[in-house]
Structure formats: C-alpha cells, structure tokens
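Protein sequences, first through last, are from chains A, B and C. In terms of this note's numbering, the first sequence is numbered consecutively and its last residue is 418. In terms of this note's numbering, the second sequence is numbered consecutively and its last residue is 302. In terms of this note's numbering, the third sequence is numbered consecutively and its last residue is 298.
Some hints here could point you the wrong way.
[To be verified] List of simulated lysine-lysine pairs, DSBU-like, C-alpha gap at most 30 Å:
| # | chain 1 | residue 1 | chain 2 | residue 2 |
| --- | --- | --- | --- | --- |
| 1 | A | K218 | B | K112 |
| 2 | A | K253 | A | K221 |
| 3 | A | K349 | A | K168 |
| 4 | A | K255 | A | K199 |
| 5 | A | K47 | A | K349 |
| 6 | A | K329 | A | K349 |
| 7 | A | K142 | B | K112 |
| 8 | A | K276 | A | K185 |
| 9 | A | K221 | B | K112 |
| 10 | B | K84 | C | K41 |
| 11 | A | K379 | A | K321 |
| 12 | A | K329 | A | K276 |
| 13 | A | K168 | B | K112 |
| 14 | A | K253 | A | K142 |
| 15 | A | K199 | A | K281 |
[Said to hold, decoys possible] Quick list of simulated restraints, FRET-style, between CB atoms:
| # | chain 1 | residue 1 | chain 2 | residue 2 | range |
| --- | --- | --- | --- | --- | --- |
| 16 | B | V147 | C | H119 | 37 to 45 Å |
| 17 | B | Q109 | C | F11 | 32 to 40 Å |
| 18 | C | F11 | A | A407 | 20 to 28 Å |
| 19 | C | M165 | A | H195 | 23 to 31 Å |
| 20 | A | D146 | B | Q109 | 18 to 26 Å |
| 21 | B | G114 | C | D134 | 52 to 60 Å |
| 22 | B | L291 | C | R92 | 21 to 29 Å |
[As the list claims (entries may be wrong)] So these bits of chain C aren't anywhere near chain A, every CB distance computed over 10 Å:
| # | residue |
| --- | --- |
| 23 | A62 |
| 24 | A68 |
| 25 | S98 |
| 26 | W139 |
| 27 | A185 |
| 28 | V268 |
| 29 | F285 |
| 30 | F291 |
No lab work stands behind these hints: they were computed from the structure. C-beta atoms are modelled at their ideal positions from N, C-alpha and C, and glycine is treated no differently.
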Amino acid sequence: MLDSKLVRLGAVAALAVAASFGVQSEVSSAEKTVQIAGFGAKSGVVRSFGINTEAVLNGAIEAINAGGGVKLGDGSMAMLELSFYDDRCNAEEGISVLRRIAGSDAVVAIGPTCSNVAEPLFGILQKTVDDEGDSGLQIPVFTDTAIKGGLAKISQWAFRNVPNENQMYKSLFQWISSEHPDLKTVYGGVEEDFAHSRFTWHKVMKERSPEAGYEVLGESKWLLNDTNFTTQVRQMKKAKADIVAISAHPFTTCGVLKEMKRQRVKPSLLVGLTSSSSMETLQGCSEQAEGIIIPTSFAPVTPAAKAAADAAAKFDGSADLHSAAAWEIVMILKEVMEAQGITADGDSVDADRRKIRDGLANLKETDGLLGKIQRTDEGEAVKPYLYVHAQAGEWAILHDPSQ
Amino acid sequence: MDFFFGLLQIIGVHTLLGLSAYVVLQTGQVTLAQAGFFSIGAYVSAMLTVLAGWHIIPALLVSATLAGIVAGIVGFPALRIKGLMLVVATIAFGEFIRLFWFNFDYQIEKQGISVGPQGGEGFKQIRFFPENGWSTLDVAIFIWVIVALVMLALWWTDRSRAGAVLRAVGEDELAAQSVGINLTAVKVGAFAAGGFIAGIGGAIYAHYTTHIEHLNFGVMLATFAIAYPILGGLRNVFGTLVAVIFIQGILVEGLRFMGDWRNLLFGALIVLAMNIQPRGLIDERSVKLVRGLFTRDRRN
Amino acid sequence: MDWLDFFQSITDGLLFGSIYALIGIGFTLIFGVMHKINLAYGAASIAGAYVSIAVAAYVPLPALVTFLIAAIGSGAIAFLIYLANFRFIPLASPLATLMATVGMLILIDEIVVHATDGMPQPYPALFADIYIEWGDFGLRGDLIFIFVLSLIAMVVLMFMLYRTRLGIATRAVAQQPVAAQLAGISLDRTNALTFVITGLLGGLAGAMIGASVGVLSPLLVVPITVKGLIVCVIGGLGSIPGAIIAGLAVGAFENFFLAFRGVTERDMYVMLLLFVFLVFRPGGIFSRSVARD
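Between the sequences and the hints, there should be enough to build the whole structure, so can you do that?
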C-alpha cells in the first residue's frame with residue numbers, strides 16, 4: 016500500500032520537474048516581444064522587497080507597452096515581457112537564477128534584492144568585456160535594490176541604479192550642521208553582522224560626519240537578530256551625543272529606538288539608514304521613530320514619481336526608495352534598446368545583450384523620477400535625493416537639497 | 003544548458019556536504035558542526051588561491067586536510083557526549099568557527115586593491131574558475147570527478163570491514179566495544195573524515211560563489227548537512243545523493259513554476275517525506291520496489 | 006568598565022534569561038516524556054504570538070489577554086506538530102522525527118512570512134513605560150513583569166506535574182512507558198497533552214519575547230531555537246529546575262560578554278564556554294546517574 020504511495024509521490028515529482036525544466040516560454044507568434052528578466056527575494060524576511068520590485072516592473076512594462084512598446088533596430092515595434100524569479104536572498108540560488116536567465120531569451124536581468132546575492136552574482140559575470148580568458152557570464156545585470164557600496168565595479172556587465180550613500184550622507188551631515196549649528200557630536204549604532212548596514216556606518220556615516228565638522232564620540236554594535244539592547248543603549252546614553260546615527264534595518268532599529276525611549280536617551284537628532292525609510296519601520300515603531308531623518312532617493316513628489324507609485328499599487332506593491340529604481344531601470348532600458356537598435360529575433364540574444372551593455376556603459380546621464388541621474392564609469396548611479404523624516408506615522412519630506 | 007551545469011555544481015557541493023554528515027551519522031552521532039568545517043574549507047582555500055596565488059587543487063587538499071584535523075580535534079572531547087548533548091555541543095562548535103570568521107580580518111594589497119577576508123563584510127573576488135577560463139561545464143566536471151571519488155571511497159568503505167565497524171558502533175556501542183572495536187579511533191576517525199569531506203565541499207563552494215561571508219555558514223546550513231543523509235536514508239551513499247537532488251533539484255529549482263507556493267511546499271514536503279519514508283527515501287522497501295521494476299519476471 | 010556596569014549588565018541578562026528558561030523548559034519537557042527533540046518548538050512559540058496579534062487586529066484586546074491568546078494559539082500549533090511529526094512516525098526512527106520537525110520549522114516560518122510579508126509587527130507590552138532607577142542603575146519594568154510571569158508559569162507547571170492526575174501520567178510515561186500503558190494510561194493522549202502544555206508555555210514565551218523587544222519578526226525563530234536547546238542541555242535533559250537556572254545563567258553570561266568583549270565576540274565566547282561545559286559535565290547542571298542510556 017505504501018509502495019503505491021511512493022510511486023505516486025515519484026510521479027508527482029517527475030511531473031514537477033518536467034513542467035519546470037522542459038517547457039520553455041511559448042511566445043505568441045504574431046507579435047514580437049523583448050524578454051526581460053527580474054529577480055529578487057520573494058521569500059524570507061525580505062520578501063516585501065521582491066514583491067515591490069516585481070510590482071513596479073510590471074507597472075513600468077505595462078506603461079511602455081500601452082505606449083506601443085519598444086522600437087527595434089528594423090523599425091518594428093515589440094512588446095516587453097517580464098519573467099520574475101525568486102532568489103530567496105540566497106547566494107547559491109541567486110547564481111542559479113542568473114544562469115537560468117542567461118540560458119533564456121532575456122536580454123537583460125534586473126535585480127537582485129540582497130547585497131549578499133549581488134556580490135557573488137557580479138563575481139560570476141565576466142569581469143572585463145572582450146576578455147577571452149575570462150569565462151564569466153555575459154549578460155547585463157541592472158540592480159535596483161542591493162545597495163552595499165561599490166559593487167558594480169566588480170564586473171563591466173554589472174550596473175546599478177541605487178542611491179549613492181556616500182554622497183547622500185555627506186550632504187545630509189552638511190545640511191544638518193548648517194541648520195543646527197549648535198550640534199557638535201555624533202554617536203553611531205550599527206547592525207554589525209549585516210554587510211550593508213556595517214558598510215554604511217564604518218565607511219560612510221563615520222567618515223562623512225567628521226567632514227561636516229562633527230566629532231564621533233563612539234559606536235554601539237548589535238547583531239541582525241538581537242533582541243536585547245540594554246547594554247548598547249547604556250553606552251549610547253553615557254556618550255551624551257547630540258546626534259545618534261543608527262545604521263540598522265527596521266527590525267533592530269525599532270528595538271533600539273524602543274530601548275532608547277525606555278532609558279530616556281533623547282538626542283537632539285536621529286539619523287537612520289536609507290533602507291529604514293520604508294513602511295516597515297513605521298509599522299514596527301512609528302511612535303519611537305518620530306523625527307528620525309533619513310536621506311532617500313524616492314518620494315512621490317513629482318508627477319512621474321506619482322505615476323510610478325500608482326502603477327505599482329495597481330500590481331499590489333509599493334514604490335519606495337528601492338523598488339522605484341526598478342521603474343527608472345525599465346525606462347532607461349527602453350531608451351538604450353532603441354538607441355542601440357536591438358533586433359530581438361531570437362537568434363540575436365547574445366548580440367542584443369552586448370548592445371545593451373555597451374549602451375548602458377556609455378550613458379552619462381539618465382532621466383529619473385526625481386530628476387536627472389548621473390552615471391559613473393564604474394556602472395554606479397548618482398541619484399537626486401531628498402531628506403525625509405518620520406512624522407505622525409508617515410514619511411514626510413524634510414528638505415530637498417536640489418532646491 | 004549553462005543553467006543545468008550550474009545546478010549540477012550546486013548538487014555536487016551539497017552532496018559533499020551531506021556525505022560529510024553521512025560518515026559521522028554512520029557511527030550514530032548527530033553532528034551540527036559540519037557547516038563550521040565547510041567554512042574552514044571555504045575560507046582557507048580561498049585565501050590560498052586569492053592571496054597566495056595557488057592552483058585550486060593543492061588549495062583544496064590543504065584546506066580540506068585542515069578542516070579534517072580541526073574536526074578530529076573536536077571528535078576527541080565529543081566522545082564523552084552523545085545524543086542531544088552532542089547535537090548542542092556541535093552547534094556550539096560550528097557557531098564558534100563561524101563567529102571566528104566574523105571576527106577575522108586579513109587583507110593584503112594586490113594590484114592596488116586590498117583583497118582578503120574582511121570580517122563581517124565577507125571575502126570577495128574568489129575568481130579562480132572564471133579567471134582561468136574554466137567554463138561552467140568544466141567546473142561541473144571537476145566537481146563531479148571529486149564527488150565520484152568521494153562516493154567511491156565511501157562506497158568501498160561501506161562494503162569493507164571498516165563499514166561494518168562504523169555501523170556496529172552506530173547500532174550498539176557497548177556491543178561493538180566488547181568485540182574489540184576501538185571506539186575512540188572509530189569515532190574520531192569518522193569525525194576527521196567528515197571534516198575532510200566538508201572541507202572539500204566548502205573549498206569548491208567558495209570558488210563557485212566567488213564571495214563568502216560568515217552568514218552563509220550558519221545553523222541552517224548545518225541542519226541541511228544532516229538533512230540530506232537522513233532524508234535519503236543511511237543505507238548507502240546514494241541516499242544522500244537522492245536527497246540532495248530531491249531538495250536542490252526538485253524543491254528549490256523544480257518547484258519554481260509554483261510561484262509563491264514553492265516555499266510553503268518546501269517544508270511541508272520534507273514533513274510528508276519523513277512520514278511516508280521514516281527510514282529515508284532509499285530504504286529496503288524502495289530499493290526492493292525499484293529492483294522489482296526491472297526484474298519483474300523473476301519475481302513471478 | 007566599573008562595578009555598576011557589571012552589576013547592571015548581569016541583572017539585565019538575568020531578567021531576559023527568564024524567557025530563555027521558558028523556551029528551555031518546553032524542550033526539556035518534550036524530551037523528558039518522549040526522548041525526542043522538537044525543533045519546531047521555537048517556531049510554534051513565535052507563531053503563537055503572531056496568532057495573537059492577528060486576533061488583536063480584529064478585536065482590540067488588553068495586553069494580558071493578547072498574551073493568553075498567544076499561549077492558546079501556540080498550544081494548538083503544538084498539537085498539529087504532534088500529529089504531523091510524532092504521531093505517525095515510528096519511535097524507532099528518531100532521526101526521521103528530528104528531520105520532520107526541521108521541515109515543520111521551515112513551514113511555520115514561511116507561513117508567518119507569507120502572512121506578514123516578513124515585515125516586523127509591533128507587539129503590545131505591559132509596564133513598558135516603567136523604568137525603575139537608583140542613580141545610574143536601572144531596571145526595566147516590562148522585564149520585571151516578564152520575569153515574575155515566567156516564575157508564575159513555572160510554579161503552575163510544577164504544581165501540575167506533581168499534583169494533578171495529568172502530571173502524574175506524564176511523569177509515568179516519561180519514566181516507564183510500558184508500565185504506564187499497563188496501568189491504563191494512554192500513551193498517545195499523554196504525549197499529545199504534553200505537546201499542548203509545552204505549546205501553551207511556548208506561546209507565553211513567544212508573547213514575552215514580542216513584548217520585551219516590542220516587535221515580532223520571523224528573524225526571532227532560529228536564535229530562540231538555538232538558545233532553547235542550549236538551555237535545555239545545560240540544565241540537564243528533562244530537568245525543569247535545571248532549565249530555569251540554565252536559562253537565567255545563559256542570559257547573564259551573554260550580557261556579561263556583551264558588555265566586556267563587545268557584540269562580535271559575545272556569542273563566540275558563549276559557544277566556546279558551552280562546548281567546554283558540555284565536555285566536562287555532559288549531564289548538565291543537575292546530572293543524574295550517568296548511564297541512563
């Protein structure tokens with residue numbers, strides 16, 4: 016009796032494998048399409064990032080297709096078509112997903128969510144274009160979310176449209192010092208075992224704030240899944256700093272803010288990590304987070320940004336500082352595809368990928384939702400940004416440095 | 003095709019991880035330290051190829067040997083404990099190794115940029131394979147030659163007296179001791195062999211992901227190390243391989259078409275598999291079943 | 006680092022350790038009765054807390070009632086775990102049970118992630134505004150409340166185990182399953198009830214964790230599972246007083262190393278200490294006669 020169960024289980028498994036591996040995408044014959052692939056974390060604690068990216072991508076593609084699609088090299092129009100993959104925020108799975116995308120007709124990959132996926136992923140790409148001795152993958156990867164500093168220089172096939180934290184925090188600290196000349200000292204709090212938050216404190220906030228005339232009094236460290244912050248906050252309290260800068264993700268940011276309130280640590284100003292300017296922080300601790308200042312590269316302030324936010328909402332996601340970058344990416348890709356004249360006829364995938372890469376590499380400036388985005392030689396973006404602060408459970412615009 | 007070769011690489015490395023736990027499980031010890039030994043292989047071999055400029059093969063052997071030695075050293079005190087105590091003691095040791103890498107910072111200047119393990123930020127640019135022009139297929143073949151060698155060695159051990167000794171210790175320590183089996187040698191030997199195999203797996207892992215960080219080597223990875231042999235069955239080495247294919251091939255990659263349901267099914271199918279096949283996917287019954295499919299007339 | 010800091014960090018650690026103790030007791034009870042590990046226990050505890058905020062989202066509830074609902078929710082989940090991972094897997098395959106509970110852990114975790122999109126959820130606390138201070142020395146009101154609540158839960162549990170029929174049956178099954186069966190005690194029912202009781206306790210612990218951190222996240226599951234196992238082993242398998250003392254001790258040591266060696270080295274020392282402890286005292290704090298196996 017159990018044997019038959021086993022057979023049935025085997026049959027189901029075999030079917031599952033056949034269904035997922037065997038069948039390639041069946042494209043309708045009449046219309047030309049350009050395949051693009053998105054990937055990101057749609058499971059685990061960072062699931063919301065992948066959901067938002069996918070929604071924004073769908074919204075952007077719908078907007079382009081509604082306008083007739085993308086103009087190909089031969090003058091015909093083609094629709095964009097998206098396939099989205101979950102990488103579980105896991106390095107091995109991310110690599111596997113990228114290989115899968117590389118084996119499909121997709122001309123470009125948009126993602127991933129996590130820096131710890133992006134870093135190995137860029138490592139398996141070819142480092143220098145036309146290097147015959149380098150067997151790395153040759154497909155352009157355009158990142159919307161993974162933000163840890165300096166990743167795109169790993170490969171010439173890697174591009175990012177993520178905010179430049181160095182620049183944002185530099186100008187933030189300068190702005191604060193001009194607005195509040197009485198504040199002199201900074202104390203840091205850092206989620207020490209997570210690559211992005213760690214980088215942002217040690218290599219960004221801690222180095223940029225002295226340039227604006229601040230004295231760094233010290234730092235408290237905690238780990239990603241810590242629950243008890245009494246000791247760290249007591250160190251913070253002793254330092255009596257004017258500004259407390261917290262480089263941590265929403266979960267521990269909230270834990271620390273709650274503990275600060277308990278121990279009555281009241282700095283004149285709070286500064287937070289870019290990634291914490293999301294709904295998660297407000298959902299977890301809007302009361303304690305009141306007033307925290309965070310630089311961000313997205314807010315629905317321009318008509319274009321509002322349109323992007325609405326389109327994302329239509330696909331059950333939200334446009335925030337990370338996912339809104341995916342909108343810009345799709346728009347940039349459309350321009351590049353048209354300028355480079357890709358052919359998208361099935362046999363030309365490699366050539367199209369190369370054209371898109373070259374097009375992206377040559378860009379010096381692109382349109383963004385908040386204004387012009389500069390692009391660096393390393394494949395990074397320098398995006399316009401705003402300072403937002405938490406106010407009554409919402410992120411409100413505090414200052415627009417471009418004005 | 004590249005994707006399938008890539009998947010073959012992953013399956014190969016996870017098979018090594020599973021086999022490293024398989025050896026130790028044979029002696030009746032449940033260990034959750036394998037992720038730690040795996041990380042030793044990963045970090046040490048990466049330092050040898052990236053910082054010292056070695057070829058992958060000697061780097062792999064040296065790092066695996068080191069992992070084996072550390073595992074052997076753990077094996078001695080672990081002799082005193084068994085059961086759940088051992089599970090927790092090995093978690094503690096595995097975590098200790100992981101946290102060691104978290105605190106380990108060592109870089110050198112190479113062509114103007116500093117490379118090397120960098121504490122919490124990890125160790126990047128371990129690009130021996132692509133830099134030397136190895137294609138995905140080349141790497142997959144390289145990995146599977148090693149996996150085949152390890153499986154062959156274990157298969158042979160299983161069938162020889164050594165395998166009988168291992169199983170004897172696993173089934174009943176007291177009885178094994180009373181027929182003159184040296185418990186210390188067997189258990190420490192199993193730990194060291196397991197550490198060595200985990201070290202090889204880790205060394206390859208570091209090179210195909212090109213970037214490693216301490217968070218990759220946590221308790222969950224250690225749990226998967228023992229999950230493969232338990233899920234596959236301790237009857238022989240192929241159980242582990244079948245379980246790795248089940249998890250990495252079917253649950254992770256094969257169920258992609260299920261979208262969001264994939265992750266929910268992941269845990270549920272493991273629970274289901276253990277209820278249906280408590281002695282592993284490859285047990286006496288399933289072996290007989292498969293055999294029956296091919297030798298039907300003889301059974302009639 | 007002066008004496009005040011030393012005293013303060015140890016005190017904080019002890020208070021927080023009461024939560025570890027609650028989780029450790031759950032592991033130890035199940036092990037005591039069934040001689041098996043339920044690795045999904047920590048996940049069920051946190052899931053119970055999630056159940057309570059799901060209910061509280063529809064009906065506004067006082068914090069104390071929320072905690073109770075967490076306990077009940079986790080008790081129900083624990084019963085499901087018993088059915089899915091223990092009831093039908095033969096006793097002779099302890100590894101299969103172990104693995105099945107790992108699958109269950111992953112499943113519960115992923116259900117929570119799907120329900121909340123992984124976003125941290127605020128959790129109500131009691132006495133969170135109270136902070137008792139003597140000069141530079143301070144105590145968190147909510148942690149004192151949690152400490153006291155944990156002690157009450159433990160006393161109730163001990164009373165139940167030693168003074169009620171159910172408790173006596175549980176202990177009988179733990180000591181001599183066959184004899185207990187001959188005496189007319191149903192193994193299945195006793196085992197299932199043990200699971201429910203540990204589930205209730207775990208749900209309470211999950212709620213306490215939520216209350217003390219102020220936020221619930223699936224990130225909590227793996228750390229408390231590991232901490233619970235550690236506590237249960239240090240205390241001596243099956244020993245409830247041992248688990249209590251071990252829980253407090255782990256909390257204290259953790260905070261001690263945090264204050265004196267920093268967070269990056271904290272767990273490294275705790276793990277090393279644990280390994281050494283287990284090697285030299287494999288039976289835990291209250292080791293009974295060595296040859297129980």
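Which numbered hints turn out to be false for this structure? As far as the earlier hints go, 12, 14, 18, 19, 28 are violated by this structure, in ascending order.
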